[in-house]
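Q: Chain by chain, the residues run as shown.
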Amino acid sequence: MVSLLRNQKVRNALLQVLYVGALAALVLAGVVIARRNLAEQGITSGFDFLYKSTGWDVNFSLLPATANDPYWWFFLIGIINTLFLGTVGLMLATLVGTIVGLARTSSNELARLLGRTYVDIFRNIPLILQVFFWYAVITHLPTPRAAHEAWGMMLTSRGLYVPIPNVGAIAFAAAILAVIAAIALPVWLGRTSRLSQPFGERLGIQLAAAATALATAAVILALGRLPDLPLLDFPALQGLNLKGGLRIPPEFSALAIAIAIYGGSYIAEIVRGGFKSVGKGQMEAALSLGLSPWRVFTLVRLPLALRAMLPILANQYVWLMKATTMGIAVGFTDFFMIVALTINHSGQTLETIGILMAGFLAINLSLAAIFNRINKAIALKGNQLRA
Amino acid sequence: MNPGKASGPAVRIENLDKHYGTFHALRKVNLSVGRGERIVVCGPSGSGKSTVIRCINRLEQHDGGRITVLGTELNDDVANIDGIRREVGMVFQHFNLFPHMTVLENCMIAPMIVRKLPRTEAETTARRYLEKVRIPEQAMKFPGQLSGGQQQRVAIARALCMQPQIMLFDEPTSALDPEMISEVLDVMVTLASDGMTMICVTHEMGFARRVADRVVFMDGGEIVEEAPPEEFFTSCRNDRTRQFLSQILGH
Amino acid sequence: MEMVVVAPPAPGKVEDLKRRFFATPLQALLSLMSLAIMAFVVWKLLDWAVFSAVFTTSGGPEACQAAAGACWSVIAARWRIILFGLYPFEEQWRSALACVAVVVMTVLSCIPAFWTGRRIALVWGAGTALYYVLMKGGVLGLSYVGEEAWGGLALTLFIFVTTCLIGFPLAVCLALLRRSELPWISRTTALIIDGVRSLPLISILFTFAIVLPFALPQWLVGDKLYRVILGSALFFSAYQAEIVRGGMQGVPAGQEEAAMALGMSYWQRISRILLPQAMRNALPATINQFVISFKETSLVVIVGFFEILASGNAAYGTGEWRFAYVEVYAFIAFIYFIFVFSLSRYGAFLERRMSVGER
Ligand SMILES: Nc1ncnc2c1ncn2[C@@H]1O[C@H](COP(=O)(O)OP(=O)(O)OP(=O)(O)O)[C@@H](O)[C@H]1O
Ligand SMILES: [Mg+2]
Chain G
0 MVSLLRNQKV
10 RNALLQVLYV
20 GALAALVLAG
30 VVIARRNLAE
40 QGITSGFDFL
50 YKSTGWDVNF
60 SLLPATANDP
70 YWWFFLIGII
80 NTLFLGTVGL
90 MLATLVGTIV
100 GLARTSSNEL
110 ARLLGRTYVD
120 IFRNIPLILQ
130 VFFWYAVITH
140 LPTPRAAHEA
150 WGMMLTSRGL
160 YVPIPNVGAI
170 AFAAAILAVI
180 AAIALPVWLG
190 RTSRLSQPFG
200 ERLGIQLAAA
210 ATALATAAVI
220 LALGRLPDLP
230 LLDFPALQGL
240 NLKGGLRIPP
250 EFSALAIAIA
260 IYGGSYIAEI
270 VRGGFKSVGK
280 GQMEAALSLG
290 LSPWRVFTLV
300 RLPLALRAML
310 PILANQYVWL
320 MKATTMGIAV
330 GFTDFFMIVA
340 LTINHSGQTL
350 ETIGILMAGF
360 LAINLSLAAI
370 FNRINKAIAL
380 KGNQLRA
Chain D
0 MNPGKASGPA
10 VRIENLDKHY
20 GTFHALRKVN
30 LSVGRGERIV
40 VCGPSGSGKS
50 TVIRCINRLE
60 QHDGGRITVL
70 GTELNDDVAN
80 IDGIRREVGM
90 VFQHFNLFPH
100 MTVLENCMIA
110 PMIVRKLPRT
120 EAETTARRYL
130 EKVRIPEQAM
140 KFPGQLSGGQ
150 QQRVAIARAL
160 CMQPQIMLFD
170 EPTSALDPEM
180 ISEVLDVMVT
190 LASDGMTMIC
200 VTHEMGFARR
210 VADRVVFMDG
220 GEIVEEAPPE
230 EFFTSCRNDR
240 TRQFLSQILG
250 H
Chain Z
0 MEMVVVAPPA
10 PGKVEDLKRR
20 FFATPLQALL
30 SLMSLAIMAF
40 VVWKLLDWAV
50 FSAVFTTSGG
60 PEACQAAAGA
70 CWSVIAARWR
80 IILFGLYPFE
90 EQWRSALACV
100 AVVVMTVLSC
110 IPAFWTGRRI
120 ALVWGAGTAL
130 YYVLMKGGVL
140 GLSYVGEEAW
150 GGLALTLFIF
160 VTTCLIGFPL
170 AVCLALLRRS
180 ELPWISRTTA
190 LIIDGVRSLP
200 LISILFTFAI
210 VLPFALPQWL
220 VGDKLYRVIL
230 GSALFFSAYQ
240 AEIVRGGMQG
250 VPAGQEEAAM
260 ALGMSYWQRI
270 SRILLPQAMR
280 NALPATINQF
290 VISFKETSLV
300 VIVGFFEILA
310 SGNAAYGTGE
320 WRFAYVEVYA
330 FIAFIYFIFV
340 FSLSRYGAFL
350 ERRMSVGER
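Chains as they are written, first to last, in numbering that gives the first Met the number 0: chain G, 0 to 386; chain D, 0 to 250; chain Z, 0 to 358.
Misleading hints may appear alongside valid ones.
Computed spacing ranges between beta-carbons, pair by pair [stated by the list, open to error]:
hint: 1; chain 1: Z; residue 1: 251; chain 2: D; residue 2: 185; range: 22 to 32 Å
hint: 2; chain 1: G; residue 1: 12; chain 2: Z; residue 2: 279; range: 33 to 43 Å
hint: 3; chain 1: D; residue 1: 181; chain 2: G; residue 2: 280; range: 42 to 52 Å
hint: 4; chain 1: G; residue 1: 19; chain 2: Z; residue 2: 145; range: 31 to 41 Å
hint: 5; chain 1: G; residue 1: 4; chain 2: Z; residue 2: 128; range: 36 to 46 Å
hint: 6; chain 1: G; residue 1: 115; chain 2: Z; residue 2: 89; range: 13 to 23 Å
hint: 7; chain 1: G; residue 1: 290; chain 2: Z; residue 2: 17; range: 27 to 37 Å
hint: 8; chain 1: Z; residue 1: 117; chain 2: G; residue 2: 19; range: 29 to 39 Å
hint: 9; chain 1: G; residue 1: 353; chain 2: Z; residue 2: 345; range: 38 to 48 Å
Keeping only pairs whose Cα atoms sit at most 20 Å apart, straight-line, the calculated SDA-like set for lysine to any residue is [said to hold, decoys possible]:
hint: 10; chain 1: D; residue 1: 140; chain 2: D; residue 2: 115
hint: 11; chain 1: Z; residue 1: 43; chain 2: G; residue 2: 143
hint: 12; chain 1: G; residue 1: 8; chain 2: D; residue 2: 78
hint: 13; chain 1: G; residue 1: 242; chain 2: G; residue 2: 143
hint: 14; chain 1: Z; residue 1: 12; chain 2: G; residue 2: 308
hint: 15; chain 1: Z; residue 1: 43; chain 2: G; residue 2: 116
hint: 16; chain 1: D; residue 1: 115; chain 2: Z; residue 2: 264
hint: 17; chain 1: G; residue 1: 8; chain 2: D; residue 2: 115
hint: 18; chain 1: G; residue 1: 8; chain 2: Z; residue 2: 182
hint: 19; chain 1: G; residue 1: 8; chain 2: D; residue 2: 58
hint: 20; chain 1: G; residue 1: 375; chain 2: G; residue 2: 308
hint: 21; chain 1: G; residue 1: 8; chain 2: Z; residue 2: 264
hint: 22; chain 1: G; residue 1: 242; chain 2: G; residue 2: 147
hint: 23; chain 1: G; residue 1: 8; chain 2: Z; residue 2: 176
hint: 24; chain 1: G; residue 1: 8; chain 2: D; residue 2: 59
By construction, these hints were calculated from the structure, which means they are not laboratory data.
Ideal Cβ placement from N, Cα and C applies to all residues, glycine included.
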């Protein structure tokens, strides 16, 4: 027996069995105890509750939602809210980050100082504090009766009201797709066209593509227009409240602003790192070929820097997606808040936690997959460039 | 379980087999090393020299045949492995000194924590061996502050501080600049003349001539030839051996 | 910032300025724009925070609200609740001393002389124990104050320190398990680490605070504070484990082989050879992780703790200081900034020092 324990192979096998077994036992015991505790409270385990109606409402949803809708529908709404807030947040953060990052790499000392100050301040204050701050700022804005007004938009303590076109939902979605195409097409054309093509000709094609897509959007909007209503629906005061237009609730704006500012400070550093990694030699080589500084930037510096940035940026985006869970701090019904509310109201604790984990796993994995795709597509091919 | 007390050869290797995945690295290797014997192992790159001596102290696990060190069989028994490692010292091509410890600490740590020697005793032993490898004055420096030759001599001293009965050398001079090779070889020659059992993988044929009792030539995971040095260098029977010798002695 | 300005031989002041900021029209435009933004922001800020601000409580909230600038009176009136939460008023000196203990402990552990496993463990053990005794009392003639009364900055620091204290050893264990040669151990551990890393911290805190009590036998449930600290430590350790593992990968394989050849046991190899070198490699990333986790302690406000953010919300949330939210948040942001900024500067300094290559 003693000599058996001294055997390396026996030891290894024993260790593995003990470790995995202990962990499995721990999880199992937790589940068993939880089921018993829940059963005492009259909660039967299982996923049947997904088809029951919730009895409570969400304050933000891109899909139609009422208190009669079932739980699974609310989970879907939560996921979509998370993705929507995350996407808006990370687009804004990328915008901010790019501007600040470029300022930090610029040759101008003052611009660099400005960029650095921004990063130093906003990176070092917790995101949730920034969320609270913006939420307080927005909810302390004047009431609808005394709203700040600009370009048809209304800024009030109940949110930002913006005009929207009076068109059908499907037409509206199609128009948005067309606008996205108007931005994406020229970029794609620029990537696929040859360097040998004259610069002017390329630009012409790109502009034409963008114009076509925008025109399509306009046509779609005109066709999908609701009858007997003006094209744009402006918010206006009616009684004590604002009617018309699209209301962007304070919870959403506070989160989006905070994520943009905080995330922007991180992305600025990533942008700076990316540009720093581009060797001087490559730029000098390009300049010596007689390319204009602008073309050196767009043809050499930017693509190389982007490649260096992308993997780190991907991590940052995943982080920002997860940061949307701060919604619960100000009452934005993101996926996590829906989970918390569900546990509160239905008591289906274990199942709901399972759904939470699965949801975030799915979000993480799909983001990772998207970025792997992009990374592969733009990666330098073997001998294209040797560092 | 008391390696060292038993009689018989220091190391006996019988029908040793070793695979890396599907790659057959050692094929039926047989080798017996007597006490106090000095063996030099040579052969082309990738022939399995390192693998053989790394099997002797279980840095690699063999998957066929038997290895007996100082009368103890090297098998899955943890106590055997620990016992054998205590009695077998090893010197590596890239020194592998611990960079976060001074030279003296490098030499003291194993005797203190493995052999449980008191600190003062470990220090006297360490200083004695540092003297022996002719760098007593470097004791308080860190490895990064020494030259390659000095580092390798510290590595030898570190192994000796455990007072092993067998020393393994895996190409101890091939990472060194030419002018440092002799200072390391000199130390090895002294060690040989003290009667240490040594198995050296090296391509220093001058060293082999001077101290080896036997030279072992390996190729393709097999021992191709095994002979005393004068016989090995003058009248080897095998074609591969001759070709190898002409390559390293040729110019 | 790398301002490598190569000085030309004895330039005139004006020429120097011209060369640095107005070399080309584009540069001039950039300079002017940056200058304008800076001047505007700095002026507005100064005006708000200093020139037009009210600093004394004498006028009360009404006078303060009427002022054009910041109302720092709210801080003067409410700083105690922000820093110490609901801790008994006469005992708040203990809370302050406890904060000092934690700060001293952090500063000490930034000094290289303390960077051996034993000393760092001693400093952190002693610091945390001192904090705990001061805050909780019940001994040495200190009156007893339960955890439910802890709050403000003191609670934030406590959560941070205990998170690191539990999370760090756990991270080392996880890293060792993940690099184990035994496939089932390394795979299972990888699953745990990657699983935790894919979840947002808030969901883990929530699970530990609210869901875990269901899954534990009654005698194991314990105080919510300690459950949340465990959750936060688990999250910290999942990230830190990968950092430690990265540091271990930076240690050449020959190091462990040499230790094995000398007859050292597994634990001897790990504690004497592998970890000291791995920790050194991982130091900059580790400090970065500490910085992140300090900022993240603020999230416990969501599961209902009265840490500095919640006490800040309370400081302006009720009664006559409702309007003064900006000042309160600015004050809290300033406190966070001091801690986080100095820690991250220190990390950057270490990184530079190590890349220069000190032995
Ligand atoms: N860890 C490993 N995994 C897979 N193959 C290995 C491993 N170690 C060695 N090998 C292979 O086993 C063979 C023998 O290796 P070994 O290191 O023993 O050669 P060697 O004679 O010492 O060569 P050299 O003179 O280059 O050091 C080589 O072909 C090598 O590629
Ligand atoms: Mg070799």
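Q: Looking back at the numbered hints, which does the structure fail to meet, lowest number first?
A: Checked against the structure, the hints that fail are numbers 6, 10, 11, 14 and 17, while the rest are satisfied.
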